[in-house]
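The primary structure of each chain is shown beneath.
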Amino acid sequence: MSKRLFIALGIGILSLIVVCPWIINSSLVYSATPEEIETECREIAKELVCLCGCGNMVLETCTCGEASKNKEFIRKQLKAGKTRLQIFQLFRDKDGERVFAAPVKEGFNWIIWVIVPYVVPVLAALGLGVLLLKWTKQRKEPELTATPISGKEGDEPPDQYKEKLERELKELE
Amino acid sequence: MVAAYAAIFSLVGKLVDERRMVKSAEAASAACFGLLTLASAALIWAFVNRRFDVEYVYHYSDKALSMFYTITAFWAGQEGSILLWAWLLSLFAMWVILQNRHAHQESMPYITFTMMFTLCLFLSIMVFITPPFATYHFKPPDGLGLNPLLQNPGMIWHPPTLYLGYVGFTVPFAFAMAAMITGKLDDTWIRSTRRWTLFAWLFLTIGIILGGQWAYVELGWGGYWAWDPVENASFMPWLAGTAYLHSVMIQEKRGMLKIWNMVLVTTTFLLCIFGTFITRSGIVGSVHSFGESSLGPVFMAFLLLGIAASVILLLVRWDDLQSQNEIDSLLSRESTFLYNNLVLMAMLLVVFIGTVWPFISEAVRGQQATVTAAYFDKINVPIGLTLLFLMALCPLISWRKTSVQNLKRNFMVPGIISLAGGIALFILGIRKGYPLTSFILCIFVAVAILLEFIRGTTARHSRFGEMYPAALGRLIWRNKRRYGGYIVHIGVVLIFVGITGSSSYKIEREVFVKPGEEFQLGKYTLKYEKFSQYETQSKLVNAAIVSVYNEGKKVDILTPEKNLHFKGSEQPVSEVSIYWNLAEDVYLILAGFDANHGATFKAVINPLIVWLWIGGTVMTIGSIVAFWPDKKKKTSPI
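Residue numbers (the working numbering), protein chains in the order written: chain A, 1 to 173; chain B, 1 to 638.
Any given hint could turn out to be false.
[To be verified] Derived lysine to aspartate or glutamate pairs resembling EDC-like cross-links, with alpha carbons at most 16 Å apart: (1) B:K253 to B:D328; (2) A:K46 to B:E508; (3) B:K523 to B:E535; (4) B:K506 to A:E43; (5) A:K69 to B:E510; (6) A:K76 to A:E106; (7) B:K567 to B:D17; (8) B:K63 to B:D142; (9) A:K134 to A:D95; (10) A:K46 to B:D377; (11) B:K378 to A:E47; (12) A:K134 to B:E326; (13) B:K530 to B:E518; (14) A:K82 to A:E43; (15) A:K134 to B:D328; (16) A:K46 to B:E510.
For the record, the hints were derived by calculation from the structure and aren't laboratory data.
This one's a predicted model, so the numbers in the text were calculated from it and none came from an experiment.
Please model the complete structure; the sequences and the hints are all you need to start from.
See below:
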């Protein structure tokens, strides 16, 4: 056997080793236990809305006939070996994006997933931080020449002053 | 007509400086209350006397309806609930006028104008769009009946308390508008409306909690809050109102955040109107909404007018609203209130965008979208925990400035106890990130607040020699606002405990069983004993009798029902049955049954859920304490 043929054979065997499990996996039907199917069905049903008009309830919680029919459909698809993503796609093809309990994380929907809950509050927090720093800096400046009468800065005032302060604050309220 | 007269005359009277016109407008406001009381009494009379020739009575009651629900049917539909809203607003307007008959002479005409103008909106809706007294030319023998979901004790308390909250926020808004118009921007208007704000916030809180409780026992899906648009509509003004209640203290104590407080009080009121718009326009599909109507454009127009007026006034008064003081330190109670405001606003923004996203998505992309708890839970849980963390921080930090040593000293005990509690919970099996964090923070907040009570009580005991219970009572009574606030925070902690337990450790099962068979739900064994079917005057009852066993011992008998009502609903209505204790609820729904009485049950264990309702009660008690007026000091004549 020539050296070249030996190398070609080796590559072929290696490719088969890599590709075979994938082929086997994709051609076999997913054989889950009924409990596993039920758990997976419940997880999928949490992500999908019942469109029967009972107020945007997810399939998992809705007890109407339409919800039961859809849950049965999910079980059937799971038994047939479909993955969660494939089942989602089936529902999307049938009812559009509104069938999902939350907007799909893609394109325009990033506004609701990232910009509103994270970017805006972080920017607001930064703005507040800058404002607070500016305020506190302004307050500190004239205090540079001041000498504290007694005690360290930030220490609790003596009891009689504390009581007086409490009393005055209470009166203010 | 009378409300329009009151609005116009109070404004014109002030502008031309004619005191008699203003007085006349105030008298007209009182007359509005009288007339609306008469109208409300007439509608109740029509219900009680089964006047089915009145369309509203025909649609929401029938002869078989108990007197109890016949009276509450007054606010079951669009027409009656708008009448209730208008009646409450006229009552508050009259109350405010009486309360301030010798005060705020400069502002009162504008306050009367704002309240009466708002009343005009509701009255014009009543007159032109949803008249509650529209009649048929004949008298139908019987009515259509009340929706069975509304035949629940929740119907008595939930809508009126919610409306007391919504309508109550009109008062601080009216004072804020008047302050901006007159330019009297010191904290007088805030002090005058402090109790009104607390009153509105208290009732909004009670309304929301009662609504959750009602949904839990009536809707039969095992939960209490689904982030439904109508639920969000009540939660949004609550968030803004809570932020306002905190930030307003900074203005009172330090003369700061005047612009921000104006923004918050305006936002709170406008969100109440926005909530009404969502609930009544029919633009959202919700089990709680009133269905489609033509009210949407009217509310939208009012909303836009309110926003425009507030923005213009704010811009005009911008310079006058600048703060007199500045924050001394990043680590002060003022700063934590600001952080708290930031977090509340972040949550408000998320809830608002989530609620209106379906319309935005359709308008921009032409693609319908749905936003449910799957989105809100994911985003709001970390925000809620941040809020809890700030609540833990707040009582430990003093006004103006806190030193690091001071902070360390105050953090030591709650820190150690909550850490020990966290380790104990971890050992006991609470290992998920969010629930564990939530429970640790709950322990921290509770300990920090309890220490405040212990310190104060001990101080009174040692100083005045009072017995501990008396010292505690006097401590709270002498500083109701502060300790009432702490009690409210303890209530919030209990609510967090309930939410964390019920959402993170819920156990659910859906099973089909025949009479005599058992099924397991967590540590409980449920035995389906038998099926029972009988007829009442208004419905055909289909009940399953289920025994609940805990470790072999029978603890309760549950009877979930699926009933067919002869009137009010074409769909069968589920009546859930609950066995509860302080640790968990066993929640049973009869989802379906067959001819052989085999039944499908949806069974849920909701851990710690009862603490949510207890927390709500504690919050209410705390708010009442904070709201309770101090005794007026006797002043000796000069």
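Checklist entry - Looking back at the numbered hints, which does the structure fail to meet, lowest number first? => result 3, 6, 7 and 9
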